[in-house]
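Asks: In case you want the letters, here they are:
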Amino acid sequence: MALKITHAADPIKVDRLNMVIYGPPGIAKTSLAFTASDPLLLDFDNGSHRAANRKDVVRVEEWNDVAGMTAEDLAPFKTVIVDTAGRALDALTVDIIRSNPKHGRGGALTLQGYGELKSRFGSFLKLLNSFGKDVVLIAHMDEQRSGDDVVERLDVQGGSKGEIYKSADAMGRLTIQNGQRKLLFSPTDAAFGKNPGQLPPLDVPHFESAEFGDFLAGVIATTKERLNALSEEQKAAIAEQAWFRDTLAKVSTADEINGLLGRAKNAGQACKIMVRDKANQLGLTFDKDAMVYVFAAREAA
Amino acid sequence: MLARVSNIESYRRWLHWKPLFDGQDEPSLDDLIRQITTDEPSEAMMAGTAFHAAMESAPEGDYTAFEANGYRFILPDAEIALPEIRELRGFKDYGPLTVTGKVDCLEGRIVIDHKTTSRVDFERYLEGCQWRFYLDIFGADIFRWHVFEIKETGEKTYEVKPPQTLEARRYPELSFDCERLADEFHEFATRVGLPDSRIEDAEQEQVA
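Residue numbers (the numbering used here), protein chains in the order written: chain S, 1 to 301; chain E, 1001 to 1208.
Here chain S stands alone, though its shape is the one from the complex (with noise of 0.2 Å):
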């Protein structure tokens, strides 16, 4: 056994993310799921006849009505919606459990059983997106009350929760706030969330309006958009760290720390520590009258 430390990869581009939304039952989460991309749902929950819209489903009675699903099943769709994530954690749980009755116990997982879901459930994501696939994942909220606190949380059975909290590249929840339904993607004290995308909180359009028709569509899009630019910035944030760490090894005076500071300036803060630490391990300190770094000796004198 070894544990292989490899150098980080450049980032890539990102053509399909994992997102979640969670919300209190009845609230029209698959309602909303339907709203994305050329979708097709994934009823685990039979709950998908209540959707004011709904569109094609696969109504899952067990695991195995979507293990083999090929790509070629999935050609004509661009989005898979899992409906819900707690519910398809159940159903590949019974399958492990029935597959082999050891990895089981009193109709719960053992530790070992638990590894076998957090592989089998990451492993289908990764098929799924590896068609090509967005995947909208969704959750009911759990309200838990912590002393005074109310806190929200993702009603998924004990460990298997951890897969879909790392398998969402953004996560949002889906609440009501003065009669109006809204999304909102950023985590609070009270409530988890990931908002990749940098979005305000987002008023949900009316069922019959007819900007509700491609909402989550559009939420996606902004998403992936504000993703990739991420990856560029943080390409140039790489390659400008590479250039600071390769320069300031060679560096041995003031002067030379000091003909730094212009770029280290629009360089962002890592760059700026390093510059710091350098200059720091030469002995020097910086003078904030006169703006540049100087030897401890002179600055006392």
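What the hints contain is simulated information worked out from the structure, not anything from laboratory work.
It should be emphasised that the depicted structure is a prediction, and the values quoted were computed from it without experimental measurement.
Do not take every clue at face value.
[Stated by the list, open to error] So these bits of chain S aren't anywhere near chain E, every CB distance computed over 10 Å:
(1) Arg50
(2) Arg98
(3) Arg105
(4) Gly106
(5) Asp149
(6) Gln157
(7) Leu183
(8) Gln198
(9) Leu199
(10) Glu225
(11) Asp255
(12) Gly259
[Claimed, not checked] Each computed PhoX-like pair below joins lysine-lysine, with the alpha-carbon atoms no more than 25 Å apart:
(13) S/Lys166 x E/Lys1156
(14) S/Lys4 x E/Lys1156
(15) E/Lys1161 x S/Lys126
(16) E/Lys1161 x S/Lys166
(17) S/Lys166 x E/Lys1018
(18) S/Lys235 x E/Lys1102
(19) E/Lys1102 x S/Lys118
(20) S/Lys4 x E/Lys1161
(21) S/Lys4 x E/Lys1018
(22) S/Lys102 x E/Lys1161
(23) S/Lys126 x S/Lys166
(24) S/Lys166 x E/Lys1151
(25) E/Lys1102 x S/Lys265
(26) S/Lys102 x E/Lys1151
(27) E/Lys1161 x S/Lys118
Note that the Cβ used here is the ideal one computed from N, Cα and C, for glycine as well.
We have chain S already, so just place chain E on it with the hints.
Replies: Here is chain E on its own, set in the frame of chain S:
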């Protein structure tokens, strides 16, 4: 006043305390102050520190075990990508409070943190303030945890499971949330008379 991110997180957890297991006693104010002001690491913390020490200095390569600080870690079959920038300490002023934290690794706009734990609890990481402050202090966009579940198999010997990766992302209100919590902590620290945090290995000089 200087505060470590970890101290603010201890304060936040104390304020919104919930038991990790049935029957766990709620910590008192004295417990919190002791935790923040004294250096009494538990066995789990010392093992974590040793694992960090090994990871910190590990160049590219294949490792079957790490040894550091008298601890031995039996490593799993897994692959992990680590950048070359490691152990970087940053500072940021939030009004009268300067907050400091040291990242395990940094690459571009991604902060990477290694965690060792006997039980993985992603919600505990996500609800914490550590990732928020680190993104704010380092101007980064993504906070990535590599969570290593470890199990003691002998004296100062641990078996390590393959790392699980979790990410949190910058969001528009992030700086405001950090400012609010820093204000709250400063008010609390002033009220109960907490001393400045000690930073042994860094200076506060900033590039203007």
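Asks: Decide, hint by hint, whether the structure agrees.
Replies: Each hint tested on the structure:
| no. | hint | result |
| --- | --- | --- |
| 1 | Arg50 | holds (29 Å) |
| 2 | Arg98 | holds (26 Å) |
| 3 | Arg105 | holds (18 Å) |
| 4 | Gly106 | holds (19 Å) |
| 5 | Asp149 | violated (6 Å) |
| 6 | Gln157 | holds (14 Å) |
| 7 | Leu183 | holds (14 Å) |
| 8 | Gln198 | violated (5 Å) |
| 9 | Leu199 | violated (8 Å) |
| 10 | Glu225 | holds (15 Å) |
| 11 | Asp255 | holds (15 Å) |
| 12 | Gly259 | holds (13 Å) |
| 13 | S/Lys166 x E/Lys1156 | violated (30 Å) |
| 14 | S/Lys4 x E/Lys1156 | holds (23 Å) |
| 15 | E/Lys1161 x S/Lys126 | holds (21 Å) |
| 16 | E/Lys1161 x S/Lys166 | holds (17 Å) |
| 17 | S/Lys166 x E/Lys1018 | holds (23 Å) |
| 18 | S/Lys235 x E/Lys1102 | holds (23 Å) |
| 19 | E/Lys1102 x S/Lys118 | violated (31 Å) |
| 20 | S/Lys4 x E/Lys1161 | holds (13 Å) |
| 21 | S/Lys4 x E/Lys1018 | violated (37 Å) |
| 22 | S/Lys102 x E/Lys1161 | holds (21 Å) |
| 23 | S/Lys126 x S/Lys166 | holds (12 Å) |
| 24 | S/Lys166 x E/Lys1151 | holds (22 Å) |
| 25 | E/Lys1102 x S/Lys265 | holds (21 Å) |
| 26 | S/Lys102 x E/Lys1151 | holds (22 Å) |
| 27 | E/Lys1161 x S/Lys118 | holds (13 Å) |
In terms of the numbered hints stated before, the structure departs from hints 5, 8, 9, 13, 19, 21, listed from lowest to highest.
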